[in-house]
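Novice: So the sequences go chain by chain: A and B. Heads up: the first sequence begins at 5 in my numbering, then just goes up one per residue. Heads up: the second sequence begins at 5 in my numbering, then just goes up one per residue.
Honestly, I wouldn't trust all of these hints.
[As the list claims (entries may be wrong)] According to the in silico footprint, chain A covers these stretches of chain B (three or more CB under 8 Å from chain A):
1. 101-108
2. 151-164
[Unchecked claim] Ranges between beta-carbon positions, derived for each pair:
3. B/Thr-60 with A/Pro-165: 53 to 61 Å
4. B/Arg-179 with A/Asp-154: 55 to 63 Å
5. A/Ala-164 with B/Ala-61: 55 to 63 Å
6. A/Pro-25 with B/Val-55: 49 to 57 Å
7. A/Pro-138 with B/Leu-92: 31 to 39 Å
8. A/Thr-71 with B/Leu-32: 37 to 45 Å
9. A/Asp-46 with B/Val-55: 34 to 42 Å
10. A/Thr-98 with B/Ala-180: 34 to 42 Å
Because the hints were derived from the structure by calculation, they are not lab data. Nothing here was measured: the structure is a model prediction, and the numbers come from that model. Every residue, glycine too, gets a C-beta built ideally from N, C-alpha and C.
2 protein chains.
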Amino acid sequence: MASMKLGEGLGARLNFFAPSPDGEWRILSVNPVTGPSLPSTDLTHFSRTTVTPPTTAESSWILRGVTSNTRYVTNEERDALNAASEGLGRPQATRAACIPIRKMAAWWALSQQERRDIFETQSHHTANSMPYLPAIARQLHHCRDLGDTDFDFVTWFEYAPEDADAFEELVAKLRASPEWKYVDREVDIRLERV
Amino acid sequence: MASMKLGEGLGARLNFFAPSPDGEWRILSVNPVTGPSLPSTDLTHFSRTTVTPPTTAESSWILRGVTSNTRYVTNEERDALNAASEGLGRPQATRAACIPIRKMAAWWALSQQERRDIFETQSHHTANSMPYLPAIARQLHHCRDLGDTDFDFVTWFEYAPEDADAFEELVAKLRASPEWKYVDREVDIRLERV
């Protein structure tokens, strides 16, 4: 109990995201979407791992997030997503996007019902994402309650190069939705598998 | 970013709960409700603080939890709770209960809608708690996604000695509810203000 360190009980639910000398992804771009970018790095590679990635003086930041229970989908939406989705790590999915996001305090002050209304009834977050399955594999990581970065979520997407246009379309739809009015910091990191 | 330690960005949202030599509460009892108890301690006092409480070799455990956004209440329930509640730290509220709880994996696999249905429609968690306000002040802390203890929540209650019977009644109602069928570990720590 007392000797357990943070995250020790999470197993593969806790993921780290960082520039890393021996990362399995090559960094294509790091672009601020809303608010400041992440500090620039001399490293050319990037890791998503369940153990702390090796970092150097040139790699001055690390993001962390936990996969967790669903928050907004109904039973039907959850089942439809599960049936249509494919997992991470597919050989053909050689592109990835790591997009850390923060939502403003006004979002977190809303009730569940108000957040669900904006998320799905107004923004069609799940409905708009469904047509992009299984091409775009997606994993959400929560970090708001970890309190060690400026972000609430780290979103991770993997897709094949031929689905890159579809991915841009999906991201544009999400960013144009009412839900995104509550996003006050977002950085878009694009990656290519080594 | 990189130099931020876990919890540094949480401020007063992160709370620690532990036996502590100079704690502001005296331990009255530590009783397992479901599953194993916490390790026994030679310390007689207890702290709830926003900084790590002093511990000794005799105090071998520490719980940690984060206050967070609401998950299950509707707008109306939230507003009714806020209107009826009083805060922690009232001079007359010299009794406290610290009750760490874990819910089984089956609970976390349910959709939001299924969890809300069990929480309120079947168990009347909020409706049953309302009559005990403002006598019983309550604060929920989340720790499932911190991964450093065996618990998902640390619940904290404060009340005056004359409301102790009402508190037992509330706790008994909650434990008899369908929601509690999903609780697979619970320890009940009772405290008295020094």
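Novice: Each of the hints needs a verdict: does it hold here or not?
Specialist: Verification of the hints:
Coverage of the stretch 101-108 of chain B by chain A is violated. Counting CB-CB distances below 8 Å, 0 residues qualify, and the rule asks for three or more. Under the rule that three or more residues need a Cβ within less than 8 Å of chain A, the assignment of the stretch 151-164 of chain B holds, with 4 such residues. Taken as a hint, the range 53 to 61 Å holds for the pair B/Thr-60 and A/Pro-165, whose Cβ atoms sit roughly 58 Å apart. Taking the beta carbon of each, B/Arg-179 and A/Asp-154 are about 40 Å apart, not inside 55 to 63 Å as hinted.
A beta carbon spacing of about 56 Å between A/Ala-164 and B/Ala-61 agrees with the range 55 to 63 Å that was offered as a hint. Between A/Pro-25 and B/Val-55 the beta carbon distance is about 36 Å. The supplied range of 49 to 57 Å is therefore violated. Separated by about 48 Å at the C-beta atoms, A/Pro-138 and B/Leu-92 break the suggested range of 31 to 39 Å. A/Thr-71 and B/Leu-32 have their C-beta atoms about 39 Å apart, which keeps the hinted 37 to 45 Å range intact.
Between A/Asp-46 and B/Val-55 the beta carbon distance is about 36 Å. The supplied range of 34 to 42 Å therefore holds. The given range of 34 to 42 Å is broken by A/Thr-98 and B/Ala-180, whose C-beta atoms sit roughly 54 Å from each other.
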